[in-house]
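**Student:** Sequence:
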Amino acid sequence: VVVLGARGRVAVRVDPFVAVPALTPETNGSSAALASRSAAPGLGATGASAKPADAGARDPLANVRTTLARLLRTHQIDAAHYRRYSASLSAAQNAVKHLHGTRALELGAVIENLHDIAGTGALTASRVPALILTLDRNRQWWVNGPLLTDGQRVEFAGSELVWEYYRGQGIELQELANFAKANGLYTAGPSFYAQQRELLAELIPLAADRGGGLAWEYYFHFDGGAPPWTSAMSQATALEALSRAYQASGNRAYLILARRALPVFEVAPPVGVAVKTRLGRRYLLYSFAPGAAVINGFLQSVIGLGYYARVSGDQAAAQLFAAGDAEARAEVPRYDTGAWSLYQSGVEDPLSYHTVVTGFLQQLCATTRAPVYCVTAAHFVNYLSTPPALRLLTARLRAGRPGVVRFRLSKISRVGITLLYDGHTTFLTSAPFAYGVGQFRVPAPTRTGTYAIHLTAKDLAGNYTRIVGAIEVSR
16 VVVLGARGRV AVRVDPFVAV PALTPETNGS SAALASRSAA PGLGATGASA KPADAGARDP
76 LANVRTTLAR LLRTHQIDAA HYRRYSASLS AAQNAVKHLH GTRALELGAV IENLHDIAGT
136 GALTASRVPA LILTLDRNRQ WWVNGPLLTD GQRVEFAGSE LVWEYYRGQG IELQELANFA
196 KANGLYTAGP SFYAQQRELL AELIPLAADR GGGLAWEYYF HFDGGAPPWT SAMSQATALE
256 ALSRAYQASG NRAYLILARR ALPVFEVAPP VGVAVKTRLG RRYLLYSFAP GAAVINGFLQ
316 SVIGLGYYAR VSGDQAAAQL FAAGDAEARA EVPRYDTGAW SLYQSGVEDP LSYHTVVTGF
376 LQQLCATTRA PVYCVTAAHF VNYLSTPPAL RLLTARLRAG RPGVVRFRLS KISRVGITLL
436 YDGHTTFLTS APFAYGVGQF RVPAPTRTGT YAIHLTAKDL AGNYTRIVGA IEVSR
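Count along the sequence shown starting at 1, add 15, and that's the number in the numbering used here.
The hints are simulated quantities; they were obtained by calculation from the structure and are not laboratory data.
Any given hint might turn out to be false.
What follows is a list of derived Cβ distance ranges for each label pair [claimed, not checked]: (1) GLY451 / ASP74: 46 to 56 Å; (2) LEU114 / THR292: 17 to 27 Å; (3) THR202 / ASN266: 36 to 46 Å; (4) THR440 / GLN155: 54 to 64 Å; (5) ARG384 / THR409: 43 to 53 Å; (6) GLY451 / TYR479: 49 to 59 Å; (7) GLY415 / ARG481: 21 to 31 Å.
Cβ atoms here follow ideal geometry from the backbone N, Cα and C, with glycine treated the same way.
All chains, please: the whole structure from these sequences, using the hints.
**Tutor:** The structure is reproduced here in structure tokens:
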């Protein structure tokens, strides 16, 4: 993580409790993006959509100031907080006027998000602390900190909170990473319990009223979703972290707070994350995307609910776990292709997510002993050492005409093709492909006869396979 300290001093350090695969709520950690990596760097184009501040607006935060004044007038915030929040708005507006390029864009986007939230009436008293903190941290970073690469995790000296840079949206509270860090501090042992308490002491006041309970929300535009939105995955990880804080301290206040975080699992989207099914309930990775059935987020939601239910004895949580567990048992086999795991229907996992979902299945296997979890986890482990399967589907090409060589591939891999005539290479290339039928466009063969073809495939885990065949070229 990149840490910003006093007077703009920057340090890069390893925080072992956030050094985990990027389980941010995002749909683009998928094979569809990986298979087009030549066109889109990384794990695909960022899901965050830039919304720069309106440079022509006389006061882009006017509606925020109006909302704060109303909250003061109706006694939802006190005068001291009103003055502090107003000072933060003024400081951010003054700072953005003196910034240029990326720095101005990023701070401006955070200002615009706050403007949008106030404009839709969603700037409630419970959301103000997290939103003003986000504004303050972005002002600090873009005035004093370095430019960042998309997805970079950052922290601030004197704080345990984890933030993430979303290109075009500034740095944002990474709720999933924060509660995962709290869980990691618990499992690391008693010497880290104090640090866990410090982190939770910062996180707890940032919860917002949502759906009749509390939720830790995301306050930026992402993948078609407008803020504020939440995630079953981060919310369930919060349940785990609060349960573990109780186990570490014996303080039942953590369990009482966790109970207040349950209602979003009972409420339908877009407010909540619960979708009723014939067998039970599916819990959504994104509250704004009821049609996105992402298995890793769903499984972690079930795990978190189950953990809290076991620790607390809460019957409502136990029922929510049972509803999710019943649906998950039915859905899990659909995410096993026979050679790799799927992120969502038809879309394979990148290696990091394959490893993560395997771990989730192993946890559910251990706690429920349900064969579907245990067997699928064993399959996914086996796939890490199983070479991809390739089959050539094209047998003939026409001389003098560009052609297509088709093949069937068992799992996401980089596939290479070599065409040879009389021992000489006539065509050679490679590209990433998802599972199923793929094809290479090949230049027009100049000679008739038999061409040798070599196809190779290397999967995400490094397993390699090679097949040799022949293609007849005729007039």
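**Student:** Which of the listed hints are broken here?
**Tutor:** 2, 3 and 6
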